[in-house]
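> The residues making up each chain are set out below.
Protein chains: 2
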Amino acid sequence: MRDVAIVGAGMTRFGELWDQGLRDMFVEAASGALSDAGADRLDSLYVGCMSGGQFVGQEHLGPLMADHLGMTGVAAVHVESACASGGVALRQAFLEVGSGMSDLVLAAGVEKMNDGADVTNVLATAADQELEVYYGVTFPGLYAMIARAHMQHHGTTEEDLAWVAVKNHHHGAMNDKAQFRREVTPEQVMASSLVSEPLRLLHCSPVTDGAAAVLLCPLEMAKEFTDRPVKIVASGLASGSMALADRDDPAFLDAVQKSGQRAFEMADIGPPDVDVAEVHDCFTIAEICCIEALGFVEEGKGGPAARDGLTAIGGRIPVNTSGGLKSKGHPVGATGIAQTIEIFRQLQGEAGQRQVENARVGLAQNMGGSGASSVVHIFEGV
Amino acid sequence: MRDVAIVGAGMTRFGELWDQGLRDMFVEAASGALSDAGADRLDSLYVGCMSGGQFVGQEHLGPLMADHLGMTGVAAVHVESACASGGVALRQAFLEVGSGMSDLVLAAGVEKMNDGADVTNVLATAADQELEVYYGVTFPGLYAMIARAHMQHHGTTEEDLAWVAVKNHHHGAMNDKAQFRREVTPEQVMASSLVSEPLRLLHCSPVTDGAAAVLLCPLEMAKEFTDRPVKIVASGLASGSMALADRDDPAFLDAVQKSGQRAFEMADIGPPDVDVAEVHDCFTIAEICCIEALGFVEEGKGGPAARDGLTAIGGRIPVNTSGGLKSKGHPVGATGIAQTIEIFRQLQGEAGQRQVENARVGLAQNMGGSGASSVVHIFEGV
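Residue numbers (the numbering used here), protein chains in the order written: chain R, 15 to 396; chain B, 15 to 396.
Take these hints with a grain of salt, some might be off.
Because identical chains share one entry, a pair is satisfied inside a single copy or across any pair of copies.
[Unchecked claim] As a list, the in silico SDA-like pairs of lysine to any residue whose alpha-carbon atoms are at most 25 Å apart:
hint, residue 1, residue 2
1, 315, 210
2, 245, 262
3, 191, 53
4, 237, 57
5, 237, 152
6, 245, 147
7, 237, 15
8, 191, 42
9, 245, 16
10, 237, 209
11, 245, 15
12, 245, 197
13, 245, 82
14, 245, 114
15, 191, 239
16, 237, 247
17, 237, 151
18, 191, 279
19, 245, 368
20, 315, 151
Just so you know, these hints were derived from the structure itself, not from any lab.
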């Protein structure tokens with residue numbers, strides 16, 4: 015497989031973008047990535063999107079987006095893995111460049127969630143319809159059960175959960191693309207209204223519109239486009255049981271562990287070698303489970319990580335320096351690419367106020383549903 | 015890129031399968047492909063499906079299908095390109111094996127259309143919502159406009175169209191997986207009720223449930239699984255304008271031509287080298303446009319091809335020996351894989367009554383919407 019690099023990135027602001035439709039957001043992000051790299055052509059593009067069909071009545075996103083980007087003719091594919099759709103789009107682009115089939119491939123993600131759709135029910139189609147959704151479960155409900163299990167097995171507290179939100183809002187307050195660019199206190203989190211006990215409003219990522227895109231090419235071509243390419247050194251993808259009830263331990267995310275192990279093996283490094291990471295904090299408890307499954311902390315020890323400063327900028331392993339899904343926002347199909355962009359900028363040394371010193375190796379982990387799919391990429395500055 | 019082969023295939027019957035849900039059909043087809051190859055493991059799987067979300071309220075099909083197949087843990091991705099979703103799933107599997115990332119990869123397609131969904135409106139989400147669907151167009155309407163343009167530019171007649179249905183039903187009558195396993199006469203086609211002038215009921219592919227799957231591996235491993243592997247020698251994917259009104263000539267399918275040219279170039283052969291082909295006959299006019307765009311006949315000369323016997327078994331270039339979408343049925347996400355299976359069996363010499371003599375090179379062309387995406391694969395017996 016050829017070595018592959020990221021050479022450009024673009025994204026919209028994340029938020030309630032009432033004046034932009036699905037295609038407008040895609041074009042803004044994709045054009046941004048192309049102009050960032052000074053590229054005026056493409057061989058192929060991937061669009062990660064959970065459900066254009068259900069959110070805005072539009073499928074067939076590959077050719078639609080190629081057309082509206084002014085690139086009619088290029089190979090164009092839509093991929094879906096619920097909230098991991100963006101990360102999977104990156105993986106497919108990585109495989110296509112790596113295989114030698116194509117040179118210039120765009121990996122993008124987009125979601126238009128604020129447009130009148132019944133968001134909670136659309137998102138629920140990422141869970142098991144026959145074994146879970148039929149009985150009335152929603153995603154806040156599923157993650158509340160995960161949180162309750164984690165508290166019971168490992169003594170994790172409501173305060174531990176609250177500190178994940180506090181830390182990610184602190185990071186997001188420095189990100190001008192973030193939906194909620196403000197700090198919150200532990201007291202505010204713990205006083206916010208209950209959504210699904212023990213999860214409160216400020217434990218949940220918001221409903222967001224947005225798009226993000228990165229441009230990939232063979233590493234040996236990368237210097238044509240940027241002085242500071244970032245190499246994709248590994249990609250790991252894994253599935254797990256769809257239904258929470260089928261898992262041995264609902265507080266442990268098997269697919270996240272497997273995807274991480276596959277990526278670490280391919281990169282031939284381990285968790286201590288990672289300088290900065292973006293992980294999938296769709297709810298505060300999710301970040302705690304993910305840093306355990308990825309091996310950044312021991313199993314059961316993720317609870318106090320944010321409270322202890324371990325995962326803040328300046329800590330041992332800075333996590334979600336972008337603000338994460340919690341503060342930056344979570345347009346589900348775009349999230350995996352937005353995570354990738356944060357790591358790209360960190361490894362370029364271009365993360366501004368959020369810069370992690372001497373960041374050389376980065377990791378992005380993006381998952382779908384209640385963790386039934388997870389994809390991990392590892393990156394290195396060149 | 016490594017050489018890649020197909021070593022096993024499985025599919026459900028196509029039709030109104032009221033006793034099987036989406037996951038049941040997938041498992042039947044996927045298990046069939048694995049047992050056909052004598053394989054008991056997988057590295058990765060792809061699921062082509064247009065819209066589990068809109069048809070049956072289920073997204074996140076990658077891990078769901080891996081789970082229900084008893085393969086929890088494997089990498090699993092859902093891809094969508096409207097009615098070309100199956101062909102695109104094959105392409106992604108081909109790239110993944112070709113890149114060296116994985117050895118045993120399943121490419122599958124599935125669609126559950128008969129389950130209470132508003133099928134015409136769900137399918138319409140494959141057209142341009144803002145420029146076409148908002149104004150009331152449906153797919154029979156779009157293809158009726160293509161047919162009318164072809165008649166006007168090239169003198170194609172209603173009888174020409176009818177003969178595509180006659181020929182494909184003749185082939186499908188010999189296929190025990192086909193939804194409509196019976197012959198029709200030109201008179202019956204031309205007397206069937208109008209759907210969208212000039213297209214009548216018997217010009218249209220039906221609403222179908224079904225699933226299909228093929229197992230891929232590196233060519234050098236293929237003999238472990240079958241004595242008669244089939245090599246995938248090329249894959250071409252292209253996009254075109256989404257909206258019919260944006261095309262120079264609505265009677266010519268640019269994306270089909272581009273996808274064919276890319277595949278022929280990669281295979282280093284031309285249209286006359288192909289012994290048997292499956293093309294996307296969602297409506298009779300579509301087959302006519304596709305055989306022109308692929309170069310099997312000259313532009314404008316596709317009309318009389320079926321009537322003249324050119325595209326029947328025994329003709330110069332047998333097309334849709336399976337019965338095509340018209341007679342075999344069209345579960346949109348599964349179609350591209352079902353086409354692949356027909357070519358696989360033809361090149362293995364296992365097509366029974368439908369066998370094309372001395373078939374050595376085969377082609378499958380699968381398209382989305384009104385032709386805004388098209389994917390072509392070329393295969394050779396080994």
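> All the hints need checking, so say for each whether the structure fits it.
Structure-based check of each hint:
no.: 1; hint: 315 x 210; in the structure: within (23 Å within a copy, 64 Å between copies)
no.: 2; hint: 245 x 262; in the structure: neither (36 Å within a copy, 41 Å between copies)
no.: 3; hint: 191 x 53; in the structure: within (23 Å within a copy, 48 Å between copies)
no.: 4; hint: 237 x 57; in the structure: within (18 Å within a copy, 34 Å between copies)
no.: 5; hint: 237 x 152; in the structure: neither (46 Å within a copy, 47 Å between copies)
no.: 6; hint: 245 x 147; in the structure: neither (40 Å within a copy, 42 Å between copies)
no.: 7; hint: 237 x 15; in the structure: both (19 Å within a copy, 23 Å between copies)
no.: 8; hint: 191 x 42; in the structure: within (13 Å within a copy, 46 Å between copies)
no.: 9; hint: 245 x 16; in the structure: both (11 Å within a copy, 23 Å between copies)
no.: 10; hint: 237 x 209; in the structure: neither (49 Å within a copy, 56 Å between copies)
no.: 11; hint: 245 x 15; in the structure: both (13 Å within a copy, 20 Å between copies)
no.: 12; hint: 245 x 197; in the structure: neither (33 Å within a copy, 58 Å between copies)
no.: 13; hint: 245 x 82; in the structure: neither (29 Å within a copy, 36 Å between copies)
no.: 14; hint: 245 x 114; in the structure: both (16 Å within a copy, 18 Å between copies)
no.: 15; hint: 191 x 239; in the structure: within (24 Å within a copy, 51 Å between copies)
no.: 16; hint: 237 x 247; in the structure: within (17 Å within a copy, 32 Å between copies)
no.: 17; hint: 237 x 151; in the structure: neither (49 Å within a copy, 47 Å between copies)
no.: 18; hint: 191 x 279; in the structure: neither (33 Å within a copy, 43 Å between copies)
no.: 19; hint: 245 x 368; in the structure: within (21 Å within a copy, 50 Å between copies)
no.: 20; hint: 315 x 151; in the structure: neither (28 Å within a copy, 57 Å between copies)
Against the hints set out earlier in the document, violations occur for numbers 2, 5, 6, 10, 12, 13, 17, 18 and 20.
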